[in-house]
Amino acid sequence: MAARKIGDVVLAVQNISLSFGGVKALTDISFDVREHEVRAIIGPNGAGKSSMLNCINGVYQPQQGAITFRGQTFKHMNSRQVAEMGIARTFQNLALFKGMSVLDNIMTGRNLKMKASLLQQAFRNPFGFGTAEREEIAQREVVERIIDFLEIQPYRKTPVGKMPYGLQKRVDLGRALAMEPTLLLLDEPMAGMNVEEKQDMSRFILDVNDEFGTTIVLIEHDMGVVMDISDRVVVLDYGKKIGDGSPDAVRNNEDVIRAYLGVQH
Amino acid sequence: MAFFLETTLGGLMVGMLYALVALGFVLIFKASGVFNFAQGAMVLFAALAMARFAEWIPQWTGIENRWFANIAAFVLAGLVMFVTAWVIERLVLRHLVNQEGATLLLATLGIAYFIDGLGQTLFGSNIYKIDIGLPKEPIFAFDSLFQGGILINKEDLIAAAIAAALVTLLSLFFQKTSTGRALRAVADDHQAAQSIGIPLARIWVIVWCVAGVVALVAGMIWGSKLGVQFSLATVALRALPVVILGGLTSVPGAILGGLIIGVGEKLSEVYLGPYVGGGIEIWFAYVLALVFLLFRPQGLFGEKIIDRV
Amino acid sequence: MLYRENGQFKSSYRADQQIFPILQDRIFIIGVLAFAFLAVPMLASDYLFRAILIPFLIFSLAAVGVNILVGYCGQISLGSGAFMAVGAYGAYNFFVRIPGMPLVPALILGGLCATAFGVLFGLPSLRVRGLYLAVATLAAQFFADWMFLRIKWFTLDTPSGSVAVSNLQVLGLPLESAVSKYLFCLAVLVVIALLAKNLVRGAIGREWMAIRDMDVAAAVIGIRPMYAKLSAFAVSSFIIGVAGALWAFIYLGAWEPSAFSVDYSFRLLFMVIIGGLGSIMGGFFGAAFIVVLPIALNQFLPVVAGLFGIGISTVGISHAELMIFGALIVWFLIVEPHGLAKLWSTAKQKLQLWPFPH
Amino acid sequence: MKLKSIALAVAAASALAGTAPAFAQAKEQFIPVLSYRTGAYAPNGAPWANGFVDYLKLVNARGGLNGVKLSYEECETGYDTARSVECYERLKSKGASFVQPLSTGATFAITEKAPADKIPVLTIGYGRSESADGTVFKWNFPIAGTYWVASDAILQAIGKKEGGLDKLKGKKIALVYHDSPYGKEPIPLLQERAKMLGFELQLLPVSAPGVEQKATWLQVRQSRPDFVLLWGWGVMNSTAIKEAQATGYPREKMYGVWWAGAEPDVKDVGDGAKGYNAVTMQHGAEPQSKLVKDVLAMVHDKGQGTGPKGDVGQVLYMRGAMSAMIGVEGIRAAQERFGKGKVMTGEQVRWGLENLNLTQAKLDALGFGGVMRPISTSCVDHMGASWARIHTWDGAKWNFTSDWLQGDEQVIKPLVRATAAKYASEKKLTPRTPEDCQS
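Chains as they are written, first to last, in my numbering: chain A, 9 to 273; chain B, 2 to 310; chain C, 2 to 359; chain D, -19 to 419.
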């Protein structure tokens, strides 16, 4: 891990507040993410972790605060822009495209890279010339590399709906990787996995992190995993930030301990 | 001015009748998440049944009293609707639980075809009469204020009254009775309702029965207005904008929507129509609902949807 | 072992990305085409052409269009009848107003009119979902009905507002005989179905399906819902529009707005659901089912009744027809909610192992 | 796979092809009957079909046409154009002598197909009015009246009431019409007439099927027209009359077309419709006519009647019978030229219909004495007669309330010629020459 050198801040979240019809989901949250680091967001259920990510990639529009990415500051983000800026995302309870094959799911991650017009696609021909066909093949090669990397070759043509949960999680990751992100948001990538699956997944995450140097923001329940793989940790509880720092610092923070062990909610 | 009032009144009364049909949609959608395109067919079916029974009962019983005939016919038709509801639940709905909307919608369309055929086979495809003694001649109110007075259609007035009564009855049923509460529970969350031991199947039968009765009342009123025959089924198409405007899950929405659509389409036809050659009221109702949807995608009283990922 | 993929190794991604990667499929398709283009014209009777095959082809085309919108992009629409009407009247106006306008361009222009109309009435889909949208699209239906009745310009001020076309020809060949009409429709269908297939298996198709399956996730990976939905509306209504034009020009010859009533919107939806959502093939199955069923019932019921010695009246037949039609649809949705196309693919899977299951 | 599917397809194809049998056997003149006994218009379609079929049965009971028996097959169209075309295609393959589309939509579609198939299109009292011009519409026969005749006759009747057509000046007449080609047919003539006679024409479309007309009748109440012409079909008619009652518009001032002047339109309105007028296509309800007596005696009493005995002689029943009669007489006329006792082809029947000459004597013999007036068609004039009467509903039955009226040739003819010419130029077909007429 020493190989990775942590760079300077790429993503800064400033005083984000979000509420749904009176119900406060996030209150005045601020934290930053540095290049190449693995940044974890932890907290009990309903702490607002997913909402935080949803704000970052423009699914929700926060009422207050701003988000700065690579020097550009936004009051609220627009999903398309976010994607173009190279922020990818996986989902807590799988948001795969159930009706489509593994291949197609991951291919969608390449759609941003494909420029062929509607007509070109309609008149796409099987003989390998023509923009559409060439693009399809080029992108397919990239996707195949990801498939190899995630070790899901045998499932290429299977509809994702029919796959075991753990593998679906991988496809989800694969779809995000297909976007060649510089910042990768992972929403509980190991939720509901057994130990082996968790180990595999951790391995993938770390590989991504040091092979492609991708910055990673990670939401996770399993403290063990978090403490192992993350460089810095933010702790949320009831939509408020109650801790931020290195795993050890956080581990010894009373508020955090209370939030997790002490007072039951 | 007088004419404007007349138009508005007319619109309100038609609206009340639309609301009655719309109610059928809402009830079923609320409880079973089925968008019941067969509602129109059910209206026709119920009306046919009532009309024919009213005709046959005197022959069977030899009692020539019109009131007796009508009431008996109404009861019998009601029973027919109950049976229909039960059969539909048994043969169709319970086999289609948790299919997506489109499939269910088409299933009800299939049911509609079937009921159309069945109704005409059992009761014939001629024009039949429902005579519940609604007065046909108009009255003219406020002649003192406006010359010619304001025309008020007694028939519509009574019809609207009946509709209103039915609506209050239903809302009472929903609020007060335990069945009503069970229905609401089911509407909110099927699984949860099941887990606390509410039998879905029974609830669905009940709600289809209720919808059947609503259809019967609607059929009775429209039938006595128009005469009972096939085209009665098409009033459903007039009631659809009401449903989306009011929100698929809201009873008050259906009522309010009905009134808005009723008034809207009449005013549009009377005041805009002449400039564009008339005949605009049908699509105007839809466009009205559409424009409205653009501002409130979930309709007047529908629940708001939040994306969770 | 008739139908097995194994042993067919793809050496390149291109080979793997053909429309029909599996050999047997290719053979089958070629076989069907050969049959349709060569055998049918020799076998079929005039009645079969005019009353069944031509409607079947045209509705298959329309079903393909509807399927793109409903099956691939997940936007339920009940406005298909309107799109057909716009296509028909659009093509008509180009055809008669511009002297010497050839048929095919007229059809395409008609389709483009439908596209514009479709995109316009597709706008609500950006705000409205599911059944709300379905009902909202009915607005298109009733508006079109009204528009073509009321705005005389569309119907060349004919007193009754109903229009006719005649002496159609393609590349100088007259479209009079049943066979020529059949072949023309078939050709149009094959070409458009091929293009449609290309779209749905390409980038745009993936965008549509992504929107259908999980629109939020789709947005997050950079798919613009607006573009995806509206392009689906555009493509689908283009195809439906062309189908509408064929229906008017080839099948009816003379028509009025009520020739594209809301009834057609429903029927087309039946076709795609019974045929199978999200499958081009499904469109054909569905169309065959919906076109042939009523006619077949209507002709075979008396025979059947005769067998049991029951003299059944015309009325009885058409009522029974309604009931059986409705019942069959319901039954179908129950036994195979994913449509005939699903049965088809299951059959294929079985054949992969046949005759040695496991 | 491939072979199997082909085999199946072939099987299916042949099976279906098999259902359209070959030509009817010799000595049987086949007549297709497109009818609708179901759906929105069933109440009006059924009696018409009963009349039509009963008459064919009567002809056979009378011994056929010089020995040639009539055979027929009914096909349910449900008033749907596409279904009508399918029926047409199916039945024509059995050697149709003529076809009765029985809906304006179907008429338009079949008009395009008939010439190629050499089958005359008989539209008794409906269809496109300009098709009266035989030089352009060689295969169309709107015999005994078109909508332009109907509307002109109504104006004549109103004129008579008012004491002269000139009295219509400055009057206001509203046309409440079924929003479809059918409902729009009379508009050109009425507009022509409005210019000539200087009355104001108000157009009030009612979108099909016409179950909801409040707005329309509110407009009527607002503009208070002196007369209302009702151009409805099916449920629209009774609804209109009910709304008129509900808005207090005098039924006496309402005039319906002959498709809005039958029992189903007024029966369930009862007294509410008292005083409502409708133009008749010559005949009205004719329970007393010889024809009805014959039908009852020779068909119904033999237990072969179509539909309820009580309906025999009702307005639409009579129209059906009359339509059948005209068609059959066309065949008879053809036989007189091309050989008695032979089965006529569509082309020969066309000639017969074009040279029809139904004298009073013939009509009396057929049982139509008093029901209708003589008709004689020609190459130029495919209508043959433009007579009409007005009948009025007294709350229980229809009674004639006018003597014979005739549509004004001076007005109708030019309109027919102009519209037909427009059609010809659009379709790029050249009108027939006198020589062609001889054929």
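Just so you know, these hints were derived from the structure itself, not from any lab. The C-beta atom is built at its ideal place from N, Cα and C for all residues, glycine as well. Mixed in with the good hints, there may be bad ones.
In silico lysine-lysine, DSSO-like type, Cα no more than 30 Å apart, as pairs [said to hold, decoys possible]:
id	chain 1	residue 1	chain 2	residue 2
1	D	Lys254	C	Lys153
2	D	Lys402	C	Lys153
3	B	Lys137	D	Lys247
4	C	Lys153	D	Lys93
5	A	Lys123	C	Lys11
6	C	Lys349	A	Lys123
7	C	Lys343	A	Lys106
8	D	Lys149	D	Lys342
9	C	Lys153	A	Lys170
10	C	Lys153	D	Lys377
11	D	Lys233	B	Lys130
12	D	Lys149	B	Lys155
13	D	Lys289	D	Lys342
14	B	Lys155	D	Lys402
15	A	Lys106	B	Lys31
16	D	Lys254	B	Lys155
17	C	Lys349	A	Lys106
18	B	Lys155	D	Lys175
19	D	Lys342	B	Lys130
20	D	Lys149	B	Lys137
21	D	Lys233	D	Lys151
22	A	Lys165	C	Lys153
23	B	Lys130	D	Lys254
Some chain C residues flagged as far from chain B (calculated, every beta-carbon gap over 12 Å) [stated by the list, open to error]:
id	residue
24	Gln18
25	Phe38
26	Thr347
Checked hints:
A threshold of 30 Å between alpha carbons decides the hint, and for D/Lys254 with C/Lys153 the separation of about 37 Å lies outside it, so the pair is violated. Proposed proximity of D/Lys402 and C/Lys153 is supported: the alpha carbons are some 15 Å apart, at most 30 Å. A threshold of 30 Å between alpha carbons decides the hint, and for B/Lys137 with D/Lys247 the separation of about 15 Å falls inside it, so the pair holds. For the given pair, C/Lys153 sits about 25 Å from D/Lys93 by alpha-carbon distance, which is consistent with the 30 Å threshold.
The straight-line distance between the Cα atoms of A/Lys123 and C/Lys11 is roughly 26 Å, inside the 30 Å bound, and the hint therefore holds. About 35 Å separates the Cα atoms of C/Lys349 and A/Lys123, which puts this hinted pair outside 30 Å; it is violated. Proximity of C/Lys343 to A/Lys106 is assessed by CA-CA distance (about 16 Å); at most 30 Å being required, the pair is judged to hold. Only pairs whose Cα atoms come within 30 Å are accepted, and D/Lys149 paired with D/Lys342 is rejected, the gap being roughly 42 Å.
The straight-line distance between the Cα atoms of C/Lys153 and A/Lys170 is roughly 55 Å, outside the 30 Å bound, and the hint therefore fails. Restraint check for C/Lys153 and D/Lys377: the C-alpha separation of about 40 Å exceeds 30 Å, so the hint is violated. Restraint check for D/Lys233 and B/Lys130: satisfied, since their Cα atoms lie roughly 25 Å apart, inside the 30 Å limit. With a C-alpha separation of about 36 Å, the suggested pairing of D/Lys149 with B/Lys155 is violated against the 30 Å cut-off.
With a C-alpha separation of about 26 Å, the suggested pairing of D/Lys289 with D/Lys342 holds against the 30 Å cut-off. Proximity of B/Lys155 to D/Lys402 is assessed by CA-CA distance (about 50 Å); at most 30 Å being required, the pair is judged violated. Restraint check for A/Lys106 and B/Lys31: satisfied, since their Cα atoms lie roughly 27 Å apart, inside the 30 Å limit. Between D/Lys254 and B/Lys155 the CA atoms are separated by roughly 20 Å; this keeps the pair inside 30 Å, and the hint holds.
Taking the CA atoms of C/Lys349 and A/Lys106, the gap is about 21 Å. The hint holds against a cut of 30 Å. Between B/Lys155 and D/Lys175 the CA atoms are separated by roughly 40 Å; this puts the pair beyond 30 Å, and the hint is violated. A C-alpha spacing of about 42 Å is found between D/Lys342 and B/Lys130, which places the hinted pair above 30 Å, so the restraint is violated. About 34 Å separates the Cα atoms of D/Lys149 and B/Lys137, which puts this hinted pair outside 30 Å; it is violated.
Restraint check for D/Lys233 and D/Lys151: satisfied, since their Cα atoms lie roughly 12 Å apart, inside the 30 Å limit. A distance of roughly 54 Å separates the Cα atoms of A/Lys165 and C/Lys153; the hinted pair therefore is violated under the 30 Å criterion. Pair hint B/Lys130 plus D/Lys254 holds up; C-alpha atoms about 17 Å apart against a cutoff of 30 Å. Every CB of chain B lies more than 12 Å from the CB of C/Gln18, the least distance being 30 Å, so the non-interface label holds.
No beta-carbon of chain B comes within 12 Å of the beta-carbon of C/Phe38; the shortest separation is about 33 Å. Separation of C/Thr347 from chain B is adequate, the least Cβ-Cβ distance of about 18 Å exceeding the 12 Å criterion.
Hints 1, 6, 8, 9, 10, 12, 14, 18, 19, 20 and 22 from the earlier list are contradicted by this structure; the remaining hints agree with it.
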